[in-house]
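Engineer: From first to last, the protein sequence lines stand for chains A and B. Take the position in the first sequence, starting the count at 1, then add 498; the result is the number in our numbering. Take the position in the second sequence, starting the count at 1, then add 525; the result is the number in our numbering.
To be clear, the hints were calculated from the coordinates, so they are not data collected in a lab. Hints are supplied without guarantee of correctness; some may be wrong.
To be verified - Okay, derived cross-link-like pairs now, DSS-like style, lysine-lysine, Cα gap no bigger than 30 Å in a straight line:
(1) K587(A) <-> K622(B)
(2) K570(A) <-> K572(B)
(3) K570(B) <-> K622(B)
(4) K616(B) <-> K572(B)
(5) K629(B) <-> K572(B)
(6) K629(B) <-> K580(A)
(7) K650(B) <-> K570(B)
(8) K650(B) <-> K638(B)
(9) K572(B) <-> K638(B)
(10) K638(B) <-> K580(A)
(11) K622(B) <-> K570(A)
(12) K587(A) <-> K572(B)
(13) K570(B) <-> K616(B)
(14) K622(B) <-> K580(A)
(15) K580(A) <-> K570(B)
(16) K580(A) <-> K572(B)
(17) K650(B) <-> K622(B)
(18) K570(B) <-> K638(B)
(19) K622(B) <-> K638(B)
(20) K638(B) <-> K587(A)
(21) K622(B) <-> K572(B)
(22) K650(B) <-> K629(B)
What the hints assert, rightly or not - Okay, the calculated bits of chain A under chain B, using three or more residues with CB under 8 Å as the criterion:
(23) 516-524
(24) 567-578
(25) 588-598
(26) 618-631
From the three backbone atoms N, C-alpha and C, an ideal C-beta is built for every residue, glycine too.
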Amino acid sequence: MRYRSLFPRDLFAELDRLQRQAQQTLDATPSIRGWNYGAYPAMNVGTTPQSVEVYAFAPGVDPAAVEVQIEKGVLTIAGERKPVAPAEKAAVHIDERFAGRFRRVVTLPDDVDANAAAARYRDGVLHISIPRREAVQPRRIAIE
Amino acid sequence: MSEQDKAVARSAETRADEAALTPAVDVFEDAGGITLYADLPGVPKDKLSLQVEAETLTIEGEIVQELPEGMEATHAEIALPRYRRVFTLSKELDTEKVSARFDKGVLELRIPKAEHLQPRRIEVKVE
């Protein structure tokens, strides 16, 4: 099921999405994990010299029931979002929100320290911060 | 730059300013009114704005996130910092009595139908 919240209303953004989708189709060697644009939860990933930051936009889930795991350099976020039950004899006019089980997988860089990862859930966003090992952090070398 | 070019540039600018994600919603209707759920992850309570004007309902929210200094985005599916969605309401809804709840990025909105329009069973006579 497509998570339609990601469809930007803006025409330029929409064209950008189409272009990216077209590029994906033309890409002869796509990622083995496919094209996840539109999946639940939506993910943003960023890096700093000290850490890798993963943001999973997972509104309406119980954080205690979300499973976050790092194994063999791969981060997995899995859980379930229960559907809201409409009142009896209710008409369903729009039904776009994701419901059911989800699982998303991200490859992490080699230099992360999985044991020091920390996860927080706030305003429907799961933020996972994974520090990089110190040895690989940039160091300034003094010239004598 | 001609006047027309300026106007084009200006409209492109406002468009970029206003570009927003469309949040996913569920809308249910029962005899007493309409219930709407909207997914607005990343929006804190104070950055959520609900507006009812005439017969238009506007839901807007700004995403607030703590980003570590010097972070470089390597993959972004949520690429805009705000959500917006506008609905046209119908006149039997009582916009004075809208109630809202916002928890874990999910908005729950209840718009009851006006009192004098509460359901009445209509007898169908067969002759």
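Engineer: Would you list, in rising numerical order, the hints stated earlier that this structure does not obey?
Structural biologist: 2, 7, 11, 12, 17, 22, 23 and 24
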